[in-house]
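Student: Kindly generate the complete structure, drawing on both the sequences and the hints.
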Amino acid sequence: MTETNGSITANKEIAEGIFDMKVKAPEAASCAKPGQFVSLYSTDQSRLLPRPISICNANDQTLRLVYRVAGAGTKEFSEKRAGETIRLVGPLGNGFPEAAGFAGKRVFLFGGGIGIPPMLYAAGVYAAAGAGVTAVLGYRDQNTFLANEFSPFGEVLLATEDGSVGTKGNVLDAYREAKGEADVMMACGPLPMLRALQQFSRENGIPCFLSLEEKMACAVGACLGCVVKTVKEDAHSHVKNARVCKDGPVFLAEEIVF
Amino acid sequence: MVNTEVTFCGVTMKNPVTTASGTFGSGMEYSELTDLNALGAVTTKGVANVPWQGNDTPRVAETPSGMLNAIGLQNPGIDVFLERDLPFLRQYETKIIVNVCGHTEEEYLAVVERLAEAPADLLEINISCPNVKAGGISFGTDPKGVEAITSSIKKKAKQPVIMKLSPNVTSIAEIARAAESGGADGISLINTITGMKIDVERRRFALSNRTGGLSGPAIHPVAVRMVYEAAQAVRVPILGMGGVRTAEDALELILAGATMVAVGTTNFANPHATLDVIDGIRAYMERNQVQNLTELIGAVSA
Numbered sequence: 508m509t510e511t512n513g514s515i516t517a518n519k520e521i522a523e524g525i526f527d528m529k530v531k532a533p534e535a536a537s538c539a540k541p542g543q544f545v546s547l548y549s550t551d552q553s554r555l556l557p558r559p560i561s562i563c564n565a566n567d568q569t570l571r572l573v574y575r576v577a578g579a580g581t582k583e584f585s586e587k588r589a590g591e592t593i594r595l596v597g598p599l600g601n602g603f604p605e606a607a608g609f610a611g612k613r614v615f616l617f618g619g620g621i622g623i624p625p626m627l628y629a630a631g632v633y634a635a636a637g638a639g640v641t642a643v644l645g646y647r648d649q650n651t652f653l654a655n656e657f658s659p660f661g662e663v664l665l666a667t668e669d670g671s672v673g674t675k676g677n678v679l680d681a682y683r684e685a686k687g688e689a690d691v692m693m694a695c696g697p698l699p700m701l702r703a704l705q706q707f708s709r710e711n712g713i714p715c716f717l718s719l720e721e722k723m724a725c726a727v728g729a730c731l732g733c734v735v736k737t738v739k740e741d742a743h744s745h746v747k748n749a750r751v752c753k754d755g756p757v758f759l760a761e762e763i764v765f
Numbered sequence: 103m104v105n106t107e108v109t110f111c112g113v114t115m116k117n118p119v120t121t122a123s124g125t126f127g128s129g130m131e132y133s134e135l136t137d138l139n140a141l142g143a144v145t146t147k148g149v150a151n152v153p154w155q156g157n158d159t160p161r162v163a164e165t166p167s168g169m170l171n172a173i174g175l176q177n178p179g180i181d182v183f184l185e186r187d188l189p190f191l192r193q194y195e196t197k198i199i200v201n202v203c204g205h206t207e208e209e210y211l212a213v214v215e216r217l218a219e220a221p222a223d224l225l226e227i228n229i230s231c232p233n234v235k236a237g238g239i240s241f242g243t244d245p246k247g248v249e250a251i252t253s254s255i256k257k258k259a260k261q262p263v264i265m266k267l268s269p270n271v272t273s274i275a276e277i278a279r280a281a282e283s284g285g286a287d288g289i290s291l292i293n294t295i296t297g298m299k300i301d302v303e304r305r306r307f308a309l310s311n312r313t314g315g316l317s318g319p320a321i322h323p324v325a326v327r328m329v330y331e332a333a334q335a336v337r338v339p340i341l342g343m344g345g346v347r348t349a350e351d352a353l354e355l356i357l358a359g360a361t362m363v364a365v366g367t368t369n370f371a372n373p374h375a376t377l378d379v380i381d382g383i384r385a386y387m388e389r390n391q392v393q394n395l396t397e398l399i400g401a402v403s404a
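Protein chains in written order, with this note's numbering: chain U, 508 to 765; chain C, 103 to 404.
None of these hints come from the bench; they were simulated from the model. A few of these clues could be false.
Quick look at which bits of chain C chain U covers, simulated, 3 or more residues with Cβ under 8 angstroms [said to hold, decoys possible]:
{"hint": "1", "stretch": "115-126"}
{"hint": "2", "stretch": "132-138"}
{"hint": "3", "stretch": "213-222"}
{"hint": "4", "stretch": "267-278"}
{"hint": "5", "stretch": "359-371"}
{"hint": "6", "stretch": "392-403"}
SDA-like cross-link-like pairs, simulated, lysine to any residue; straight-line CA separation at most 25 angstroms [as the list claims (entries may be wrong)]:
{"hint": "7", "chain 1": "U", "residue 1": "519", "chain 2": "U", "residue 2": "577"}
{"hint": "8", "chain 1": "U", "residue 1": "739", "chain 2": "C", "residue 2": "184"}
{"hint": "9", "chain 1": "U", "residue 1": "686", "chain 2": "U", "residue 2": "648"}
{"hint": "10", "chain 1": "U", "residue 1": "722", "chain 2": "C", "residue 2": "299"}
{"hint": "11", "chain 1": "U", "residue 1": "540", "chain 2": "C", "residue 2": "188"}
{"hint": "12", "chain 1": "C", "residue 1": "299", "chain 2": "U", "residue 2": "658"}
{"hint": "13", "chain 1": "C", "residue 1": "260", "chain 2": "C", "residue 2": "307"}
{"hint": "14", "chain 1": "U", "residue 1": "747", "chain 2": "C", "residue 2": "382"}
{"hint": "15", "chain 1": "U", "residue 1": "747", "chain 2": "C", "residue 2": "166"}
{"hint": "16", "chain 1": "U", "residue 1": "736", "chain 2": "C", "residue 2": "323"}
{"hint": "17", "chain 1": "U", "residue 1": "722", "chain 2": "C", "residue 2": "313"}
{"hint": "18", "chain 1": "U", "residue 1": "747", "chain 2": "C", "residue 2": "312"}
{"hint": "19", "chain 1": "U", "residue 1": "587", "chain 2": "C", "residue 2": "152"}
{"hint": "20", "chain 1": "U", "residue 1": "739", "chain 2": "C", "residue 2": "182"}
{"hint": "21", "chain 1": "U", "residue 1": "612", "chain 2": "U", "residue 2": "658"}
{"hint": "22", "chain 1": "C", "residue 1": "299", "chain 2": "U", "residue 2": "576"}
{"hint": "23", "chain 1": "U", "residue 1": "587", "chain 2": "U", "residue 2": "568"}
{"hint": "24", "chain 1": "U", "residue 1": "739", "chain 2": "C", "residue 2": "130"}
{"hint": "25", "chain 1": "U", "residue 1": "582", "chain 2": "C", "residue 2": "165"}
{"hint": "26", "chain 1": "U", "residue 1": "722", "chain 2": "C", "residue 2": "184"}
{"hint": "27", "chain 1": "U", "residue 1": "722", "chain 2": "C", "residue 2": "260"}
{"hint": "28", "chain 1": "U", "residue 1": "722", "chain 2": "U", "residue 2": "568"}
{"hint": "29", "chain 1": "U", "residue 1": "582", "chain 2": "C", "residue 2": "182"}
{"hint": "30", "chain 1": "U", "residue 1": "612", "chain 2": "U", "residue 2": "761"}
{"hint": "31", "chain 1": "U", "residue 1": "747", "chain 2": "C", "residue 2": "188"}
{"hint": "32", "chain 1": "C", "residue 1": "299", "chain 2": "C", "residue 2": "323"}
{"hint": "33", "chain 1": "C", "residue 1": "299", "chain 2": "U", "residue 2": "554"}
{"hint": "34", "chain 1": "U", "residue 1": "722", "chain 2": "C", "residue 2": "130"}
{"hint": "35", "chain 1": "U", "residue 1": "739", "chain 2": "C", "residue 2": "152"}
{"hint": "36", "chain 1": "U", "residue 1": "722", "chain 2": "C", "residue 2": "209"}
{"hint": "37", "chain 1": "U", "residue 1": "587", "chain 2": "U", "residue 2": "650"}
{"hint": "38", "chain 1": "C", "residue 1": "299", "chain 2": "U", "residue 2": "577"}
{"hint": "39", "chain 1": "U", "residue 1": "747", "chain 2": "C", "residue 2": "209"}
{"hint": "40", "chain 1": "U", "residue 1": "587", "chain 2": "C", "residue 2": "300"}
Note that CB positions come from ideal geometry on N, CA and C, so glycine has one too.
Tutor: Right, dumping it as structure tokens:
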């Protein structure tokens, strides 16, 4: 991880309240992995804490961050223009497992809402490693941001809450409707979706990796603000409370209790 | 060349800046982002005799120029601390202040005894965490309790003992005097101020613990006032903290009477804040032709 002032090269709204920012930050971008995140810092000093934002894509030079405006901090980010800088620390967290081990496997990537962006990064990396990628994406309505960018990497299944596009319902409804047969599942999205996938993967004996979200302060593993209950003793505190920012955000579904 | 060296409770540090307990882990995580060798001391996250689970999440919430936390002192216990965390920190050219927590006198003493032979320079005893209930008695808010626990710990401790005081009291001077009468070598203040935040959209408490400790620049003027009042009341040295963001903030605490200062919540906003504060203190001394930092301690005048 490094601390750096990234140069914003683009920042545009791609759906209502959803922004797509590209930040030139070579030290952070060149060592990023799917499932990792960066801390973005506000320039308004009344907002002390960094905002953890998942990495939607990265190359040697640039991070792509697709984020939702959820409050004053992310609103400030959304108002930044190309040419401005943004202070960030990253990449942070463990990320999804190394793609090399999944060649020839049917990897199903589930994304719900603002949990979709990190799955795009995963789709590219897993497809490049020879995995058979299927993306299962859940949206509220026909605002299916990023969905068309998944198609170069494999099949794309859509679910919408209002039924306007794809399966009416959630990502598991879409998976069932398509008679999906996953060797492994990976997911990022709202808590009810992750809970449903945890249960489904357990019942069907499918390995499942979940990327979690929690209110964070330091985002580097020092403050113990963001924890998730675990089945076994965690490596840091030995109390069955793992740090989402450092030990995660990606956990094996069977290892966590939520 | 200015001299930023200070001697605190008999331990000489290259500069007066440390980290506030709980905001810096045991230094390992931040060592990737900041140079621990530059710090006067590192103060570690509170350690108990056994691992503590802490509170449920959410444990943190941002507030204007501050934050609330109710971590509940999750920690791996003294065994892991001695095996993993202390040896890691010892690699660096910095002093180590080990923060000790407990629910009962026996628990504090168990940790202090285990640390007797350990390479720790100072002990900071947390008798003021607002997020942990100690059988209905909060050691830190009753002068008699403060004096009693200080004196018990002093009998066992092999390192100098700093008592960390709560600001959630009517008279900080009275509590400071109680720690001094109990034999404390130094005192540190302020811990967090108890607060609450409510999410109005969901009509729920922002923290699962309902209340939490407020920290960050929002509390800095309270810290300056309390360090000043404590400095007027006792002769033992003071480690001042509370919302230090810049060198100016740190210098305010020093002028109010602190010998050392800690940077806490600002580490989250700026991972190299401690280094900025040290550089800023040095620049201030050069600008004002202050030869020795010790000249500034308690040097405020009306």
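Student: Does each hint fit the structure? Answer for all of them.
Tutor: Here is what the structure says about each hint:
For the stretch 115-126 of chain C, the assignment as covered by chain U holds, since 3 residues bring a beta-carbon within under 8 angstroms of that chain's beta-carbons and 3 suffice. With 3 residues carrying a beta carbon less than 8 angstroms from a beta carbon of chain U, the stretch 132-138 of chain C meets the three-residue requirement, and the given coverage holds. Residues of the stretch 213-222 of chain C lying with their CB closer than 8 angstroms to a CB of chain U number 0, which falls below the three-residue condition for coverage. Counting residues of the stretch 267-278 of chain C whose C-beta lies closer than 8 angstroms to any C-beta of chain U gives 0; at least three are required, and the coverage claim is violated.
Requiring three or more residues with a Cβ within less than 8 angstroms of a Cβ of chain U, the coverage given for the stretch 359-371 of chain C holds, as 5 such residues are present. With a cut-off of 8 angstroms between beta carbons, the stretch 392-403 of chain C has 0 residues touching chain U; three or more are needed, and the interface restraint is violated. At roughly 16 angstroms between alpha-carbon atoms, residue 519 (chain U) and residue 577 (chain U) fall within 25 angstroms of each other, so this suggested pair holds. Between the alpha carbons of residue 739 (chain U) and residue 184 (chain C) the distance comes to roughly 22 angstroms, so the proposed pair stays at or under 25 angstroms and holds.
With a CA separation close to 23 angstroms, the supplied pair residue 686 (chain U) and residue 648 (chain U) stays within the 25 angstroms bound. For the given pair, residue 722 (chain U) sits about 14 angstroms from residue 299 (chain C) by alpha-carbon distance, which is consistent with the 25 angstroms threshold. Between residue 540 (chain U) and residue 188 (chain C) the alpha-carbon distance is near 31 angstroms, which puts this suggested pair outside the 25 angstroms criterion. About 44 angstroms separates the Cα atoms of residue 299 (chain C) and residue 658 (chain U), which puts this hinted pair outside 25 angstroms; it is violated.
The hinted pair formed by residue 260 (chain C) and residue 307 (chain C) fails the criterion: a straight-line CA distance of about 43 angstroms is larger than 25 angstroms. Our distance criterion of 25 angstroms between C-alpha atoms is broken by residue 747 (chain U) and residue 382 (chain C), whose separation comes to about 41 angstroms. Distance restraint check for residue 747 (chain U) and residue 166 (chain C): the Cα-Cα separation of roughly 32 angstroms exceeds the 25 angstroms cut-off, and the hinted pair is therefore not satisfied. Taken as a hint, the residue 736 (chain U) and residue 323 (chain C) pair is broken in the structure, with Cα atoms around 37 angstroms apart against an allowance of 25 angstroms.
At roughly 16 angstroms between alpha-carbon atoms, residue 722 (chain U) and residue 313 (chain C) fall within 25 angstroms of each other, so this suggested pair holds. Simply put, residue 747 (chain U) and residue 312 (chain C) have alpha-carbon atoms about 22 angstroms apart, close enough for the 25 angstroms limit, and the pair holds. For the given pair, residue 587 (chain U) sits about 48 angstroms from residue 152 (chain C) by alpha-carbon distance, which is inconsistent with the 25 angstroms threshold. The suggested pairing of residue 739 (chain U) with residue 182 (chain C) holds, with an alpha-carbon distance near 17 angstroms, which does not exceed 25 angstroms.
Between the alpha carbons of residue 612 (chain U) and residue 658 (chain U) the distance comes to roughly 18 angstroms, so the proposed pair stays at or under 25 angstroms and holds. Restraint check: the Cα-Cα separation between residue 299 (chain C) and residue 576 (chain U) comes to about 21 angstroms, which is no more than 25 angstroms; the hinted pair holds. Between residue 587 (chain U) and residue 568 (chain U) the alpha-carbon distance is near 19 angstroms, which keeps this suggested pair within the 25 angstroms criterion. Proposed proximity of residue 739 (chain U) and residue 130 (chain C) is supported: the alpha carbons are some 23 angstroms apart, at most 25 angstroms.
At roughly 16 angstroms between alpha-carbon atoms, residue 582 (chain U) and residue 165 (chain C) fall within 25 angstroms of each other, so this suggested pair holds. For the hint pairing residue 722 (chain U) with residue 184 (chain C), the CA-to-CA distance comes to about 30 angstroms; that exceeds 25 angstroms, so the pair is violated. Between residue 722 (chain U) and residue 260 (chain C) the alpha-carbon distance is near 39 angstroms, which puts this suggested pair outside the 25 angstroms criterion. At roughly 29 angstroms between alpha-carbon atoms, residue 722 (chain U) and residue 568 (chain U) are farther apart than 25 angstroms, so this suggested pair is violated.
Proximity of residue 582 (chain U) to residue 182 (chain C) is assessed by CA-CA distance (about 42 angstroms); at most 25 angstroms being required, the pair is judged violated. The straight-line distance between the Cα atoms of residue 612 (chain U) and residue 761 (chain U) is roughly 20 angstroms, inside the 25 angstroms bound, and the hint therefore holds. Taken as a hint, the residue 747 (chain U) and residue 188 (chain C) pair is honoured in the structure, with Cα atoms around 22 angstroms apart against an allowance of 25 angstroms. This hinted pair checks out: residue 299 (chain C) and residue 323 (chain C) have alpha carbons roughly 21 angstroms apart, not beyond 25 angstroms.
Distance check on the hinted pair: residue 299 (chain C) and residue 554 (chain U) sit about 15 angstroms apart at the alpha-carbon level, within 25 angstroms; holds. Straight-line distance between C-alpha atoms of residue 722 (chain U) and residue 130 (chain C) comes to about 21 angstroms, which keeps the hinted pair within the 25 angstroms bound. For a cut-off of 25 angstroms, the pair hint linking residue 739 (chain U) to residue 152 (chain C) stands: about 17 angstroms separates their Cα positions. For the suggested pair residue 722 (chain U) and residue 209 (chain C), the alpha carbons sit about 31 angstroms apart, so the restraint of at most 25 angstroms is broken.
This hinted pair checks out: residue 587 (chain U) and residue 650 (chain U) have alpha carbons roughly 23 angstroms apart, not beyond 25 angstroms. Between residue 299 (chain C) and residue 577 (chain U) the CA atoms are separated by roughly 18 angstroms; this keeps the pair inside 25 angstroms, and the hint holds. Only pairs whose Cα atoms come within 25 angstroms are accepted, and residue 747 (chain U) paired with residue 209 (chain C) is accepted, the gap being roughly 21 angstroms. Distance restraint check for residue 587 (chain U) and residue 300 (chain C): the Cα-Cα separation of roughly 29 angstroms exceeds the 25 angstroms cut-off, and the hinted pair is therefore not satisfied.
Violated hints for the displayed structure, listed by number in ascending order: 3, 4, 6, 11, 12, 13, 14, 15, 16, 19, 26, 27, 28, 29, 36 and 40.
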